[in-house]
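**Q** Sequence:
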Amino acid sequence: MEQPFNILLMGERLRSCRVARKLTMKEFAEQCGISERYLADIERGIKAPKLETFVGIVNAAGVSPEYLLQDSLKAVDTGNLVRDALNTLPDEQQELFKDFILRLVKSMG
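Here our numbering is used: position 38 in the sequence shown is 38, and no number is missing along the way.
Derived from the structure by calculation, the hints contain no laboratory data. Wrong hints could be hidden among the right ones.
When the alpha-carbon atoms are kept at most 30 angstroms apart in a straight line, the in silico DSS-like pairs for lysine-lysine are as follows [what the hints assert, rightly or not]:
no.	residue 1	residue 2
1	K22	K47
2	K50	K22
3	K26	K47
Pairwise CB distance ranges, derived in the manner of DEER restraints [claimed, not checked]:
no.	residue 1	residue 2	range
4	P90	N59	19 to 25 angstroms
5	K106	E36	20 to 26 angstroms
6	R83	E30	44 to 50 angstroms
7	D71	E92	49 to 55 angstroms
8	E36	N6	22 to 28 angstroms
9	R37	L89	35 to 41 angstroms
10	K26	A85	32 to 38 angstroms
11	R83	A40	43 to 49 angstroms
12	E36	L96	53 to 59 angstroms
We treat Cβ as the ideally placed atom computed from N, Cα and C, and that holds for glycine.
Work the whole structure out from these sequences, hints included.
**A** Have a look at this one:
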C-alpha cells in the first residue's frame, strides 16, 4: 500500500530537528515517549508513526506538523476557497467583504 505521505523526507526533517536541538536518539525518543529503535526507523523512513506518536514527536521537536509533512501536503487553492465562501453570502455581505479585503490590502501595502 502506498504511504499517504513521504516518510523518508519526514524522517530526514525529524532527524535534522533532533540534531539541531543537540539531542541524542535516546534523549529524543524518551521525550517522544517511544523506543530508540522506533525513532531510528522513523528517521530512516522505514516506519511511519501512528497519529498519537506523530503528535508526541511534533511536540517534542517543537515544530509544526506542516513542517514535517510539507512535501506531502496538498496546497490549498486559497483563491477558490475564498471565492466559494464568498458565494455563500448574500449580495450585501459580499460587498462588505470585498470592501474589507480591499481596505486590508491597501493598509498592508
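**Q** Now look at each hint and say whether the structure bears it out.
**A** Here's how the hints hold up against the structure:
1. A threshold of 30 angstroms between alpha carbons decides the hint, and for K22 with K47 the separation of about 23 angstroms falls inside it, so the pair holds.
2. For the hint linking K50 to K22, the alpha-carbon distance of about 25 angstroms falls within 30 angstroms, and the restraint holds.
3. For the given pair, K26 sits about 17 angstroms from K47 by alpha-carbon distance, which is consistent with the 30 angstroms threshold.
4. Taking 19 to 25 angstroms as the suggested C-beta distance range, the pair P90 and N59 does not conform, at roughly 43 angstroms.
5. The hinted range of 20 to 26 angstroms is not satisfied by K106 and E36, whose Cβ atoms lie roughly 55 angstroms apart.
6. One distance hint, 44 to 50 angstroms for the beta-carbon pair R83 and E30, holds here, with the actual separation near 48 angstroms.
7. About 43 angstroms separates the C-beta atoms of D71 and E92, a value inconsistent with the hinted range of 49 to 55 angstroms.
8. For the hinted restraint 22 to 28 angstroms between E36 and N6, the CB-CB distance of approximately 23 angstroms keeps it satisfied.
9. R37 and L89 have their C-beta atoms about 54 angstroms apart, which leaves the hinted 35 to 41 angstroms range violated.
10. K26 and A85 have their C-beta atoms about 48 angstroms apart, which leaves the hinted 32 to 38 angstroms range violated.
11. As the Cβ distance of R83 to A40 is approximately 46 angstroms, the hint placing it in 43 to 49 angstroms holds.
12. Take E36 and L96: their Cβ atoms lie about 57 angstroms apart, and the range 53 to 59 angstroms holds.
The structure fails to meet hints 4, 5, 7, 9, 10 from the earlier list, while all remaining hints are met.
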